[in-house]
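A.B. asks: The task is simple: from the sequences and hints, build the whole structure.
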Amino acid sequence: MTGLSIRLPRAKKHRFQAVTAFVFLVFFSAVFIYTFLYLRHDPTLTDLDRRLLGMSLQHPFGTDQLGRDVMTRLLLGGQQTIGYSLLALIVALLIGVPFGLISGYQRGIVDRVFMRMGDAFLAFPDTIVAIVLSGLLGPGIGNLVLAIVMVKWVSYARLVRSTVLAESQKDYVLIARINGLSPRKIMRKHLLPHVVGHVLVLASLDLGKIILLISAFSYIGLGAQPPMPEWGAMLNEARPYFETRPELMIYPGLAIVSVVLLTNMLGDYFRDRFDVKKEERQ
Amino acid sequence: MLQIVTRKFFEVLFFVLFITFVSFLFVRLAPGDPVLTILNVDELSVSQEQVEALRDDMGFNKPLLVQYGLWLMNFIQFDFGLSYATGQPVLDMIIMGLPATIELAAGALFVMLLVSIPLGSLSALYRNSWIDQISRLLSILGAAIPSFWLGLILIDLFGVRLHLLPTMGRDGIISLVLPSLTLGLAISSVYVRLLRSSLLDSLSQEFIRASRARGLSESRIFFAHALRHSLPPVITVFGVSLGSLIGGVVVIEVLFAYPGIGKLVVDAIRQRDYPLIQGYILIMAIIVFIVNTCVDLSYRYLNPEMKLKERETK
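Protein sequence lines correspond, in order, to chains A and B. Residues in the first sequence are numbered consecutively from 1, following this note's numbering. Residues in the second sequence are numbered consecutively from 283, following this note's numbering.
Incorrect hints may have been included.
Rough simulated footprint, nothing fancy, chain B against chain A, three-plus residues with beta-carbon under 8 Å [what the hints assert, rightly or not]:
| id | segment |
| --- | --- |
| 1 | 73 to 80 |
| 2 | 83 to 91 |
| 3 | 102 to 111 |
| 4 | 166 to 174 |
| 5 | 182 to 194 |
| 6 | 207 to 216 |
Covered stretches of chain B (in silico footprint by chain A; criterion: 3 or more residues with CB under 8 Å from a CB of chain A, positions within the stretch not fixed) [said to hold, decoys possible]:
| id | segment |
| --- | --- |
| 7 | 288 to 296 |
| 8 | 413 to 427 |
| 9 | 430 to 437 |
| 10 | 528 to 539 |
| 11 | 550 to 559 |
Everything labelled a hint here was simulated from the structure, so no lab data went into it. C-beta atoms are modelled at their ideal positions from N, C-alpha and C, and glycine is treated no differently.
C.D. replies: Next comes the structure, spelled out in structure tokens:
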């Protein structure tokens, strides 16, 4: 009973956090999507007469070194940064989850080849693989997304595989097989639902990391290229002007921090909600 | 032990073969022609004959697999050729940059230890006190703050406004302060929490109570028993994340214009300097191999149970 009484407030606290985070994320996405439909300023239109302006009604966050509206660029930057991060994550999931399902359920040669490949990929740190791949493919946001997909799909496939391995030993899967269900159906109807929670946890915790990776790579010039309004790239472009206009450094940075903070909060909630290992431990 | 070393070796070998082959294909199929890249360095116009001659010279007219085989032979012999951008041997450039990177990584580790051991210990000893709350807040923020942005803030504060510390280049130990601080702070958020939970775990163990019963002083119990007992899990995680430290160095080096191999490779990527990139891959493979093997071996040293388990499963 004591365990329960300790756990309840914690779960509640996290649910509150999660709801807050969710609401904010939905709000941000709505704002980012809305920007797409209606832009007050051209995000890449340079206007040297209006450079480095302070706050005003027309430019709520001022203008940058090339006279572009900072607020427009921030909002569009959110689209870029979060959009590309989500794209990378979803593609990695679409490759990793089916692969893990097949590899874990069918075993055999596919599984063995995959395990070796996974070992090799996981031996290398994410950032190094991303650098190596974008090095070989050339700098650019598309290649960076490709690199992230190549790094991340392995860990999803691994996770799914290990869950499936454990799950397919259970009786209900055996019964399903005896009843003549096709492997495809077993995987989809019986195994996939068990996997979803774990994948959701890992994915939500990964999203923040991917956002950080994309913005960092864009900052060092290997991701989004100027004049594309990506948060990391914006910081890179504005760096010579920080001394006179520190806001140009503050806005994109705060934007990254707040979005990553929110996704991490959501990830923590999912982890508490779905983490089977933790429940067993308690 | 030999088994582990060979297994790690083959993992890394497989990765390198895979990535170099894919890269080889991409480089040859990529839109940017390396021959033109070399010839266009001085912005002079080149004739078609010159292009063809150089292409022949570099073996680009041979079949793809033969090219890869030839290139691989050189690669294994640490002969990466000359950098397209500077004309220097790639290996020399990497060896020049390596000590700077190692210094930076060591500096970051030092900062990490300096932050996480006291903060982790205090938040475990005074659980749920204000210091614990602050360290919790810092670690949540630390996980969300991009390291390069932290670096920018530190540069702005200590370099630009207070004129206290150099913000770029590598000129004595003083120029190491800001980069190490940035990277060290960025990685320490994980370890503060980890050390805290590990300490809480060992502080609740029987042997601590036994030490108290024996009348040992609190500080002695903490340093000689609890802290020592809490370190192995921290070291384990540290081993795993040593890789991300190697990766994190790259961004910080670019940020501080610090002449290590990370900045070298990013410049190479911008200039499409493929020999240098390929040299970097091999050096990284070697480093990752050494690090992974050491980590794996140290697990077994720290945790003898693993050896027993392996024997059982056989």
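A.B. asks: State whether the coverage of the segment 182 to 194 of chain A by chain B holds or is violated, taking the criterion as 3 or more residues with Cβ-Cβ distances under 8 Å.
C.D. replies: Contact hint for the segment 182 to 194 of chain A vs chain B: violated, 0 residues under 8 Å.
A.B. asks: Check, residue by residue, whether the segment 73 to 80 of chain A contains three or more positions whose beta-carbon lies closer than 8 Å to a beta-carbon of chain B, and give the verdict.
C.D. replies: Violated: only 0 residues of the segment 73 to 80 of chain A have a Cβ under 8 Å from chain B.
A.B. asks: Are there three or more residues in the segment 528 to 539 of chain B whose C-beta lies closer than 8 Å to some C-beta of chain A?
C.D. replies: n = 7 at 8 Å, threshold three: holds.
A.B. asks: Per the coverage rule (Cβ-Cβ under 8 Å, at least three residues), is the segment 550 to 559 of chain B covered by chain A?
C.D. replies: With 6 residues in contact (Cβ-Cβ under 8 Å with chain A), the coverage given for the segment 550 to 559 of chain B holds.
A.B. asks: Against chain B, does the segment 207 to 216 of chain A show at least 3 residues with beta-carbon separation below 8 Å?
C.D. replies: holds (count 4)
A.B. asks: Within the segment 102 to 111 of chain A, is the number of residues with a Cβ closer than 8 Å to a Cβ of chain B three or more?
C.D. replies: Our answer is that it is violated, as 0 residues pass the Cβ test (under 8 Å) against chain B, missing three.
A.B. asks: With a cut-off of 8 Å between beta carbons, are at least three residues of the segment 83 to 91 of chain A near chain B?
C.D. replies: violated (count 0)
A.B. asks: The segment 288 to 296 of chain B covered by chain A? Criterion: 3 or more residues, Cβ-Cβ distance below 8 Å.
C.D. replies: It holds, with 4 qualifying residues against the three required.
A.B. asks: Examine the segment 413 to 427 of chain B for residues whose CB is less than 8 Å from any CB of chain A, and state whether their number is three or more.
C.D. replies: Since 5 is at least three, the answer is holds.
A.B. asks: Can you confirm whether chain A covers the segment 430 to 437 of chain B, using C-beta to C-beta distances below 8 Å and requiring at least three such residues?
C.D. replies: It holds: at least three residues are needed, and the segment 430 to 437 of chain B offers 4 whose Cβ sits within less than 8 Å of chain A.
A.B. asks: If you count the residues of the segment 166 to 174 of chain A with a beta-carbon closer than 8 Å to a beta-carbon of chain B, do you get 3 or more?
C.D. replies: violated (count 0)
Comparing the model with each earlier hint shows violations of hints 1, 2, 3, 4 and 5; every other hint is respected.
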